[in-house]
Amino acid sequence: MSRKFTPKVVTANDLVEGDVVYLTEAGAWTRRHAAAELIEDEARAADRLALAEAQTGTVVGAYLADARPGPHGPEPVHFREAFRSRGPSNYFHGKQAEAANV
Amino acid sequence: MYKYSDFDEAFVRSRVAQFRAQVARRLDGSLTEDEFKPLRLMNGLYLQLHAYMLRVAIPYGTLSSRQMDRLADIADRWDRGYGHFTTRQNIQYNWPKLPDVPDMLEALADVQMHAIQTSGNTIRNVTADHFAGAAADEIADPRPVAELIRQWSTDHPEFQFLPRKFKIAITGSPNDRAVTRAHDIGLRMVERDGVPGFEVVVGGGLGRTPMIGQVIRDFLPREDLLPYLEAIVSVYNLLGRRDNKYKARIKITVHEHGIEAIREKVEARFAELRGGFDGVDQTWLAEIENAFAAPAFRDADPAPYLDARNADPVFRAWSDTNVAAHRHPGYGIVSISLKAHGATPGDASSAQMRVMADLARRYGHDELRVSHEQNIILPHVALADIPAVHAELRQAGLATANIGLVSDIIACPGMDYCALATARSIPVAQQIAERFAELKTEHEIGPLKIKISGCINACGHHHVGHIGILGLDRAGVENYQITLGGDGTEAAAIGERAGPGFAYDQIVPAIERLIGAYLEHRESPEETFLETYRRLGMAPFKAALYPEDAKKETARAA
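Protein chains in written order, with my numbering: chain A, 1 to 102; chain B, 1 to 558.
With the rest of the complex left out, here is chain B (with noise of 0.2 Å):
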């Protein structure tokens, strides 16, 4: 894993002690809040309903077990006992104290940790694959690159104060699990000719406008990504509109600029910038790919992996949905779901992070990773050792064998902590789960994501949701919406609404009559929902969820 050097130590902990004077003038009256706010952005503290909020960034979604243990003591010390893992690879404490949080950001400085660009109109934490250095389907480990661009993209002077957050995420395989596609720049790495190099897709996003990005470059050298992106960042930062907040982002301008009038000025931008970068950035790239070479794998027999299979018809239905391919012959990637049925989706307590931490450095090459749907994953671990693994998730309640079904569902904060929200996401995505759970179908139903946002602005993804699910206040009561089809892969698609919300105690039946409609009518237990839903359409789906105006078309048609 990437170490920090001493540059990066000495800026992290410079901005610990800034803002720890910057609190300590709010405290003592000498910062009004106005002076003060933007100050505590850029360093990921928010307020929220009920408290303040950090939200941490964890880079690439990629933790060691001393960070993640750190963070359970943050929890234990300074907030609740627990975090909420988001969908944007950040951890989220929910109650902490103004005078608090230097000390918290000090304790996550030690274990090279930060805050940083986690808020704010400024280059956002980068994503990643959460299988990234372990998938069996990947042409190359991506978090070097993304670790570049944390480095490149953090204080960079020109972008502090962009027209709106600039988000980048990026993928090493051709199965896109970091909705790359969803992001205002989406890399994907490809090769061309044997020459390693990016599809750079960008002004794609959710919120209150789902766009898809759209290809600027199909093949972008390796060596030219950082004056690449500085050409977009730099055209967009120009360009982007700061008259509307609501028209600021990248994917507004590259619609209404057109994607080729954007490719045109990026690519002379680009050519202004290039000579600029004199290769020191590839040195930078090829040490950090040092430390992130891969662990030394060791070849264990798989045997005891397949006589659990065998004999245990609990780990065998856990395996089948929670181990996922590894590059490696003998190992496993583990998904740990933080979706216990009944449970907040991307909650997990202190004392589950240290048994997360703790299965990590015994078992894991000592490595965790956060997934943007809000689950812990082990990277890598040899295949003999994952019945051990599995026995003690489950004394830790971390065993729910439910990764890609329908209690697998991502839901943003909502309107039980955030400020912004319209309605609650939290209790409906509960509901949900708890719902299938008592009729056991959903590994009957199989592959499903169910995305609940609880605002327009979307971080519930619930736009890619097979099944989106958007809270909106209406006329003073909660009400949700239903989009169907959306899709975060590589096949990226935004789901079209079905039709007028429901009301919060409708929402969860009316789910139960959507997939009871998909049982129905699908070809076979192999086809999808999402196949289902795209060779039948809406119809059927539209029938089950308003059986009345079903009831008087048939009526009608008589």
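For reference, chain A alone in the conformation it holds in the complex (with noise of 0.2 Å):
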């Protein structure tokens, strides 16, 4: 039996800019880890992860990150991701401090 599928998020950083951003249901690019697509479907992730490689005019280094549903949308497993999502805890700087501009 294959090992259970754990949701995930695709994820990168914008060209321009370098910030974090997730893909989302439709298609687009968001700055916000809730406004992500929780994908639960392996063929989906892999499909998914291959439009988000595909746009190598707006994101860089495209991955699968885990992620699991929460009450105000998909949320990171790993303290890595934790922290992309934020931004630095010395300074209120990136996410944290932008969280006005959805």
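Keep in mind the hints are simulated off the structure, nothing from the lab.
Honestly, I wouldn't trust all of these hints.
[Said to hold, decoys possible] The calculated DSSO-like cross-link candidates involving lysine-lysine, where the alpha carbons are at most 30 Å apart (straight line), are:
no., chain 1, residue 1, chain 2, residue 2
1, B, K37, B, K97
2, B, K97, A, K95
3, A, K95, B, K551
Dock chain to chain to rebuild the complex, using the hints, since each chain is given by itself in its own frame.
Following this line, the structure appears as structure tokens:
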């Protein structure tokens, strides 16, 4: 029996700003982890990653990151992804400072 | 200070122009990321966790006030109003946007700075003793040689695709402040029978396989330096492993082949190359040396300095730790701590950069240095002016009296910024500093170097910290390993691992217990942490770190 698939989001960095971005269900890129598409199926994950990787003029370094459902949308599982979704802990910079910028 | 020749100027400008066109081609889709990445890395541009990061070289750590002012302007105009000074005498900007980077490089070129070879498998920024040209214990200023090496290594056609990155450090003093033994090549300026030359050390390095460098030549005459360096790098270029990134540094090449075999090959290659160097490099070196002529020191009465020490305990405490002996009587070397308790090690705001630049202009013969310990130095200040300098530093939040103490921590950016990191470093440094500020014990504890890396690559030099901390990812949780007894000086040593790691919320209490054990066991306040460790070994420190194990041990013995 194959291992149970862990839900994923597709994430990358924006080519121009370098900011962390996530792929939405509509196929657009969002700055918010909670607005990402939570992919629960392995085949769909591969398709979505391929879609992201093809957008070399928009994003850099797309990959699949583990995620889980939360009250407001997908939440990161690993602490690295949690930091990516927030920004650094020493200054109020990055996403945490741009919460209004949805 | 060295001023760019027309050649340097044209070269740096043409690289900016090339990069501007490369960025434009990336943005319009003509270049893929795979094509663009090596080009941006050649110009010091990384893509990190939250943003791009631009790493700018500060060759041999030397800056003029004009250059420091420009670093501040760049921080304000294209970044978030601050910069991060690194353990390799670079400055990193954490938030640039790709389309702005060519303008940033242009602004750097205006003040004779660049980001060339701050990344990639090339010879990186050549680092030097941050007290160079000022230290009382110095044989000779190493910076002219460092500049010669920079010119030789920049765009060197044979060495643009080495098996891995290559780092050279140089010191002109027997007291090694440049960690030369932990570099791919370390150079120590020495004299033999009145003849100046170098002790050449090869194969040092930290990272996942830490090694102390070995002496490949105990005395190399000064004029043979470039052909000998070229011989070492050329032997490494052929022998170094390209099959495994983790075995590609010269330390592994030396380890696998043995220093004898490497020496033999280097000497053979040196014999071939030597004739090709017709002495023109020595003519250049002489010209470069003129540019590094010592400033016109004045003879000022040091009385105001001594009076301030007697009158003001705050000034006295600060000058005890932050002022070092200068080779010219009546002068001192002022270290400006970028380690205010609770601040990010190595960070300076643009306002602070301008204050430091201004102090250098008015009191410091227009010179600043960046140390590998992530502080800024005013190398030449008349003792009489130091009270005024201190007063202005206090106003800017730059008068922390902690050089060489517990809170003068080296920390890499860690997982707050770095894409390679496995755990955070900065908050651990902040919390340790805050804790010991709260305890008010750091002056009692005395000289102690804590160094923190957020991954095995060891940018935070944890292996050579008296106390080293390495942050790892253990099953999805941050975990911190402690090493003890490391030393980055001429008596270089790699720290020994104390035992199992600690969780993020346990690491600061663990450090506190460790230092408590030192205070308990030291023979006198003069015996430093490192000396106590060397005398007693790991046992008492281990007992303090792992009290539960120690209890079990005692129960079993009873």
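Right, here's what the structure says about each hint:
Using a Cα cut-off of 30 Å, the hinted pair K37 of chain B and K97 of chain B holds, with the two alpha carbons roughly 15 Å apart. Straight-line distance between C-alpha atoms of K97 of chain B and K95 of chain A comes to about 15 Å, which keeps the hinted pair within the 30 Å bound. For the proposed pair K95 of chain A and K551 of chain B, the alpha carbon gap of about 47 Å is over 30 Å, so the pair is violated.
When the structure is compared with the earlier hints, a violation turns up for hint 3 alone.
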